[in-house]
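> Given next are the chains, with one letter for each unit.
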Amino acid sequence: MKDKVPRQPMPEQPPVERVRNFREVPRGYSDETARLEASRCLQCKRPTCVDGCPVRVDIPGFIKAIRDGDFLASIHVIKMTNSLPAVCGRVCPQEEQCEKLCVLTKKGESVAIGKLERFAADYEREREQLEIRAASERKEGRVAIIGSGPAGLTAAGELAKMGYRVTVFEAFHSAGGVLVYGIPEFRLPKAIVQYEIEALEKLGVEIVLNRVVGSAGTVNDLLSEGFDAVFIGTGAGLPLFLEIPGENLQGVYSANEYLTRANLMKAYKFPEYDTPIARGDSIAVVGGGNVAMDSARMALRLGSKKVHLIYRRSRAEMPARVEEVHHAEEEGVIFQLLTNPVRFIGDEKGRLKAVECVRMELGEPDDSGRRRPVVVKGSEFTIDIDVAIVAIGNGPNPLIPRTTPGLALNKWGNIVAHEESMKTSRKGVFAGGDIVTGAATVILAMGAGRKAAMAIDTYLQTGEW
Amino acid sequence: MSAVVDTDSAVNGPCGRRGFDTLAAIALWRGRPFITGCSVHLIRLNEKISPNVGKMIVDAPDVARYRRPGQFIMLRIDEYGERIPLTIADVDTAQGTITLYYQIVGKTTEHMARMKAGEQLKDIAGPLGHPTEIRNFGTAVCVGGGIGVAPIYPIAAALHREGNRVIGVIGARTKDLLILEREMGEVSERLVVCTDDGSHGRRAFVTEALGEIMAAEKVDIVVAIGPVPMMRAVSELTSPSAIKTLVSLNSVMVDGTGMCGGCRAIVDGKPVFVCVDGPEFDGHQVNFDELMTRLNTYRDEEAVSMREHRCRLGEVGHEG
Chain A
1 MKDKVPRQPM PEQPPVERVR NFREVPRGYS DETARLEASR CLQCKRPTCV
51 DGCPVRVDIP GFIKAIRDGD FLASIHVIKM TNSLPAVCGR VCPQEEQCEK
101 LCVLTKKGES VAIGKLERFA ADYEREREQL EIRAASERKE GRVAIIGSGP
151 AGLTAAGELA KMGYRVTVFE AFHSAGGVLV YGIPEFRLPK AIVQYEIEAL
201 EKLGVEIVLN RVVGSAGTVN DLLSEGFDAV FIGTGAGLPL FLEIPGENLQ
251 GVYSANEYLT RANLMKAYKF PEYDTPIARG DSIAVVGGGN VAMDSARMAL
301 RLGSKKVHLI YRRSRAEMPA RVEEVHHAEE EGVIFQLLTN PVRFIGDEKG
351 RLKAVECVRM ELGEPDDSGR RRPVVVKGSE FTIDIDVAIV AIGNGPNPLI
401 PRTTPGLALN KWGNIVAHEE SMKTSRKGVF AGGDIVTGAA TVILAMGAGR
451 KAAMAIDTYL QTGEW
Chain B
466 MSAVVDTDSA VNGPCGRRGF DTLAAIALWR GRPFITGCSV HLIRLNEKIS
516 PNVGKMIVDA PDVARYRRPG QFIMLRIDEY GERIPLTIAD VDTAQGTITL
566 YYQIVGKTTE HMARMKAGEQ LKDIAGPLGH PTEIRNFGTA VCVGGGIGVA
616 PIYPIAAALH REGNRVIGVI GARTKDLLIL EREMGEVSER LVVCTDDGSH
666 GRRAFVTEAL GEIMAAEKVD IVVAIGPVPM MRAVSELTSP SAIKTLVSLN
716 SVMVDGTGMC GGCRAIVDGK PVFVCVDGPE FDGHQVNFDE LMTRLNTYRD
766 EEAVSMREHR CRLGEVGHEG
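Just so you know, the protein sequences line up as chains A and B, in that order. Take 1 as the starting number for the first sequence in the numbering used here and just add one per residue. Take 466 as the starting number for the second sequence in the numbering used here and just add one per residue.
Calculated directly from the structure, the hints in this document are not laboratory data. Worth double-checking, as some hints may not be accurate.
Computed far set for chain A versus chain B, every beta-carbon distance over 10 Å [stated by the list, open to error]:
(1) Leu72
(2) Val212
(3) Lys349
Heads up, simulated BS3-like pairs for lysine-lysine below, C-alpha to C-alpha not over 30 Å straight-line [claimed, not checked]:
(4) A:Lys4 x A:Lys64
(5) A:Lys269 x B:Lys735
(6) A:Lys106 x A:Lys190
(7) A:Lys353 x B:Lys581
(8) A:Lys45 x A:Lys106
(9) A:Lys266 x B:Lys581
(10) A:Lys411 x B:Lys735
(11) A:Lys377 x A:Lys411
Note that the structure is predicted; figures quoted are calculated from it, not measured. Glycine included, each C-beta is placed from N, C-alpha and C at the ideal position.
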């Protein structure tokens with residue numbers, strides 16, 4: 001009577017409490033709850049859930065181990081194909097991937113695959129049971145990985161496990177890419193990222209910080225100075241702006257800047273830490289994705305009394321995860337849906353004081369298949385704000401494409417890479433993650449990193465391109 | 466590889482990062498090291514060259530190797546530090562050092578001014594930004610105002626080496642604040658020195674001197690670096706005669722690699738990022754009003770940070 005057990009919720013910090021701290025919101029499963037949730041899995045002979053996972057984790061396998069109480073065995077199953085389970089268990093959109101394809105979804109609620117993954121990873125970490133499975137043999141060949149985000153770390157981990165010598169170049173002073181500068185502490189504790197990175201270092205991966213490849217040496221330099229293959233995983237690091245009047249007023253941020261100040265530079269501890277951040281009473285976040293939710297929730301924690309989230313379509317079209325929208329709403333974010341900003345208004349000193357918006361309605365579907373928002377005439381109104389955060393996406397960073405002759409780009413400036421092998425137009429150069437796809441998810445980037453590692457292995461073994 | 470590692474750690478000196486030595490050893494063994502140095506940024510020299518400007522020479526071999534005039538670095542003094550952009554004034558590739566000049570204006574630069582040779586900076590990333598286009602233009606007037614003389618000097622030197630006739634114009638509020646006069650003199654065919662109060666050189670603004678030079682001879686390019694009002698005035702002066710004018714923008718930056726967008730400016734009516742599209746731009750196209758506004762973003766916070774810093778140093782009371 002397995003289906004009698006309901007999907008087990010994960011305990012969370014209550015909203016009134018959590019908006020005053022930076023600690024993680026969901027607290028994790030207990031051993032008992034995890035086993036109970038694991039018992040819901042039907043152990044399908046042909047598990048459809050695995051098809052939904054970009055790195056093809058053996059989902060029934062690891063859940064069975066949890067059910068049987070062998071928690072360490074369960075994490076070892078996950079780690080065969082996923083090098084960052086503690087991260088994925090927290091930030092993957094499981095409801096769009098594995099859990100969507102779970103057989104139980106048709107009957108009611110899917111197995112909480114993501115929460116179980118998190119449980120297994122946390123179990124190993126909290127008990128310091130990490131087992132380093134170093135490569136049994138060394139393989140000839142050195143690989144340079146540019147960027148230490150999810151794509152780069154995954155590729156690095158896979159290649160190190162195969163026995164290659166791997167060096168990761170990171171532009172920032174801290175490794176992790178979007179996992180450290182972008183995703184806030186309350187959604188992904190930085191200690192977890194640090195732990196995963198240390199695990200990679202124990203595998204023999206070398207991490208060089210503060211190294212901006214493309215500016216301090218190029219991809220060509222890497223290839224001519226001892227590296228046999230290069231993987232580019234530099235992310236979508238160039239924020240887009242609305243290009244409306246007043247966007248350069250003081251107090252208007254890109255989400256990248258706002259979150260980097262708060263997360264990586266620890267501006268929430270200013271002046272203990274030197275990096276400042278504008279703390280407004282009333283804030284507007286523009287956008288409807290996960291980054292917009294992160295920004296809005298960060299603003300609440302930085303002490304803002306009112307946080308408006310302005311999104312031009314309706315809730316149904318929001319790209320953010322349902323869970324994140326739900327968390328934001330619980331914490332008091334004010335949703336201004338079907339609303340679009342038309343200009344920012346400043347005072348005489350150039351400081352932001354308001355945003356003028358218009359209401360929208362949904363018209364015919366556009367290229368993306370979503371109904372196109374159209375302006376409702378005469379619907380102008382203003383919201384008084386002192387900080388605005390623009391979270392409408394990122395374009396590709398130009399530093400590598402600009403300095404790598406012969407690297408094919410698409411019309412948006414993203415690197416063109418083969419879907420399976422992640423090969424670019426340059427021999428020995430592979431690319432994956434947001435620099436190829438445009439802004440996407442952590443797990444898709446990891447999937448690309450994994451595919452690239454396989455292809456790099458083949459290339460280094462055969463020499464064939 | 467362990468034998469090689471041991472030899473190499475002796476060659477490269479102190480280096481904190483795990484595993485570095487292996488890599489450096491491999492790289493050296495292959496002859497041309499991509500990873501030339503280590504991540505320890507030892508300060509070799511730190512001195513005040515004016516009441517509000519410091520000069521620092523610090524180990525940064527990777528930066529020294531790749532840097533060209535006009536480029537900058539991002540640095541962080543310690544674990545609590547902010548990331549600040551500074552122009553690379555000079556490099557010594559043999560020593561693996563870079564030279565920085567910094568105006569003591571905020572918490573970070575105040576802290577830097579107190580550091581001593583033998584101490585270390587936590588992080589240096591670079592070189593960043595497009596290098597200056599260096600070619601033989603003919604007659605080049607290099608205008609530096611205040612701390613702007615520091616970044617103008619390497620450009621003047623490079624233009625001089627490339628065969629340009631360099632005329633230097635440097636200015637400051639008063640004699641004590643004037644920097645690099647001798648160095649600028651060495652790379653300029655003629656150097657005009659101006660102070661606002663007439664305490665040294667001419668009592669004039671740099672624009673006045675530039676105007677006279679333009680009236681007297683044909684100028685092919687003007688490079689101007691200094692306070693925003695100065696760069697604006699220079700650009701307005703050269704605009705009617707369409708003399709190519711480069712200005713180097715200083716703006717709010719977090720990463721320096723295009724990621725944050727904090728350094729956005731309007732040039733030719735279009736948004737640009739100073740870090741990856743600049744830092745040099747056509748002065749006739751820059752929207753200086755927007756630039757001024759953005760530079761004032763953290764004025765209040767900077768005051769707080771400075772006050773806290775001085776409190777910790779016991780210089781002022783908490784009420785002070």
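> Work down the list of hints and note, for each, if the structure agrees.
So, going through the hints one by one against the coordinates:
Annotated as non-interface, Leu72 (chain A) keeps its C-beta farther than 10 Å from every C-beta of chain B; the closest such distance is 27 Å. For Val212 (chain A), the shortest C-beta to C-beta distance to chain B comes to about 6 Å, within the 10 Å cut-off, and the non-interface label is violated. Some Cβ of chain B comes within 10 Å of the Cβ of Lys349 (chain A); the nearest lies about 7 Å off, and the non-interface call is violated. As the CA atoms of Lys4 (chain A) and Lys64 (chain A) are separated by approximately 18 Å, the hinted pair is consistent with the 30 Å bound.
In summary, the hint linking Lys269 (chain A) to Lys735 (chain B) is not supported, as the alpha carbons are separated by about 35 Å, beyond the 30 Å threshold. Taken as a hint, the Lys106 (chain A) and Lys190 (chain A) pair is broken in the structure, with Cα atoms around 36 Å apart against an allowance of 30 Å. Restraint check for Lys353 (chain A) and Lys581 (chain B): not satisfied, since their Cα atoms lie roughly 44 Å apart, outside the 30 Å limit. For the suggested pair Lys45 (chain A) and Lys106 (chain A), the alpha carbons sit about 17 Å apart, so the restraint of at most 30 Å is met.
Simply put, Lys266 (chain A) and Lys581 (chain B) have alpha-carbon atoms about 27 Å apart, close enough for the 30 Å limit, and the pair holds. Restraint check for Lys411 (chain A) and Lys735 (chain B): the C-alpha separation of about 19 Å stays at or below 30 Å, so the hint holds. Distance restraint check for Lys377 (chain A) and Lys411 (chain A): the Cα-Cα separation of roughly 34 Å exceeds the 30 Å cut-off, and the hinted pair is therefore not satisfied.
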